[in-house]
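The listed protein sequences correspond, in order, to chains E and U.
So the first sequence is numbered by this note's numbering: it starts at 1 and just counts up by one.
So the second sequence is numbered by this note's numbering: it starts at 1 and just counts up by one.
By construction, these hints were calculated from the structure, which means they are not laboratory data.
There's no promise every hint is true.
The following residues of chain E were derived to be distant from chain U, with all beta-carbon distances above 12 Å [said to hold, decoys possible]:
1) K49
2) Q100
3) E105
Facing chain E, according to a computed beta carbon distance under 8 Å, are these residues of chain U, among others [stated by the list, open to error]:
4) R8
5) L11
6) G16
7) G17
8) A36
9) L37
10) L69
11) L152
12) T156
13) I167
14) M209
Selected chain U positions facing chain E (Cβ under 8 Å, derived; list incomplete) [what the hints assert, rightly or not]:
15) L5
16) S6
17) V7
18) F10
19) L14
20) A27
21) L29
22) N164
23) N170
A virtual CB, placed ideally from N, CA and C, is assigned to each residue, including glycine.
Protein chains: 2
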Amino acid sequence: MLAELSVRSFLGQLAGGSASPGGGATAALHGAQGAALIAMVCNLTIGRKRYKHLEPQMLASRQHVQILLAQLTDLIDRDAGAYDGVMAAYRLPKQTAEDQQMRSEAIQVGLEDATRVPLETMDACLKVLTVGESVLELGNPNVVSDGAAGILAAHTGMLTAALNVQINLNAIQDEEFIQESKTRMAALKAAGDNARLRSWALVEERLGM
Amino acid sequence: MLAELSVRSFLGQLAGGSASPGGGATAALHGAQGAALIAMVCNLTIGRKRYKHLEPQMLASRQHVQILLAQLTDLIDRDAGAYDGVMAAYRLPKQTAEDQQMRSEAIQVGLEDATRVPLETMDACLKVLTVGESVLELGNPNVVSDGAAGILAAHTGMLTAALNVQINLNAIQDEEFIQESKTRMAALKAAGDNARLRSWALVEERLGM
Numbered sequence: 001m002l003a004e005l006s007v008r009s010f011l012g013q014l015a016g017g018s019a020s021p022g023g024g025a026t027a028a029l030h031g032a033q034g035a036a037l038i039a040m041v042c043n044l045t046i047g048r049k050r051y052k053h054l055e056p057q058m059l060a061s062r063q064h065v066q067i068l069l070a071q072l073t074d075l076i077d078r079d080a081g082a083y084d085g086v087m088a089a090y091r092l093p094k095q096t097a098e099d100q101q102m103r104s105e106a107i108q109v110g111l112e113d114a115t116r117v118p119l120e121t122m123d124a125c126l127k128v129l130t131v132g133e134s135v136l137e138l139g140n141p142n143v144v145s146d147g148a149a150g151i152l153a154a155h156t157g158m159l160t161a162a163l164n165v166q167i168n169l170n171a172i173q174d175e176e177f178i179q180e181s182k183t184r185m186a187a188l189k190a191a192g193d194n195a196r197l198r199s200w201a202l203v204e205e206r207l208g209m
Numbered sequence: 001m002l003a004e005l006s007v008r009s010f011l012g013q014l015a016g017g018s019a020s021p022g023g024g025a026t027a028a029l030h031g032a033q034g035a036a037l038i039a040m041v042c043n044l045t046i047g048r049k050r051y052k053h054l055e056p057q058m059l060a061s062r063q064h065v066q067i068l069l070a071q072l073t074d075l076i077d078r079d080a081g082a083y084d085g086v087m088a089a090y091r092l093p094k095q096t097a098e099d100q101q102m103r104s105e106a107i108q109v110g111l112e113d114a115t116r117v118p119l120e121t122m123d124a125c126l127k128v129l130t131v132g133e134s135v136l137e138l139g140n141p142n143v144v145s146d147g148a149a150g151i152l153a154a155h156t157g158m159l160t161a162a163l164n165v166q167i168n169l170n171a172i173q174d175e176e177f178i179q180e181s182k183t184r185m186a187a188l189k190a191a192g193d194n195a196r197l198r199s200w201a202l203v204e205e206r207l208g209m
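Just chain E, with the same shape it has in the complex:
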């Protein structure tokens, strides 16, 4: 599993001459870095006298981002796996008309799977952005730059996953699937962009940028 590789080996595999892992895996890793940084801000707020009144909310936020961190860490591998599924379909035999028909259908099924995975990454990144916004606002201001880094990471995870949704949709034939996916992608992206903008206004004010 990619998440069990050392950071250095993961980067080496990414840089290598195989198309997998690629951008989709990094989308999930960006999102996971975002979730981890928001969890860190919670951890540096929980248990401090000054923020005692926020304890229940910070505990709930921490639990939420820890679940998102686990989901996004799994998505690193699931994205690479979905891509490998498409590649396996492309390698199916194409001698007879029947072969060609089966191969073509398998490629389409693979591409739809490989579209659903980055859509799930986008959804998880949006949730990190939403929890992150309130943690950034209420949490320990000494680590505001770490919370802000978490917002940037989750937003980039979302934009990177959208690239993978788009490139797969370009090869998909089912018009209904394409339209549904595009609508979903646009809604997630709009919500993510808004959450990032709202958080950023706060970051610039707090950091004096």
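Chain U: place on chain E using the hints.
What follows is chain U alone, placed relative to chain E:
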């Protein structure tokens, strides 16, 4: 060393209740992901008949981003180390006036180091963006979404590092150091934003976004 931890353990350390590793380490990791993805596009272009005429340029670009990948991987640890240096200075004794003077000077030295490291991360990310722009333009168009993911990652590495430059400058007293650092940060950021915009126009055209 952080780069030798598994991806899962690194994320766990990031999420934990210590301020280090934090946003600065993720800035370097985003940049390293960007360098690795640009190297991948080079690797999927080199050795293919259709791109034979680009071979010398792609080999040079790959060598350049591999050096940047190594530098940014080191910066994951160097950023965490610089932060630990500041924390160690804060823990120095402050009983006597002399203690206080020494501690205060050590904190300032530590903060200046902790500012230079993310400035170096910004510089390396800008170089990834610059090489990435030409690789994206000329390289194998089948992996354009991976190249685009590399551009996003390197640009986010730069923005994340800028947060750390800013938060350290807020606690630094030397006005000349502050002004020099701000000028350098602004120049790096402007160049990085421009490189990202230029690449993005190409990505949107190629992906039909």
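Under the constraints set out in the numbered hints, which ones does this structure not fulfil? Structure breaks no hint.
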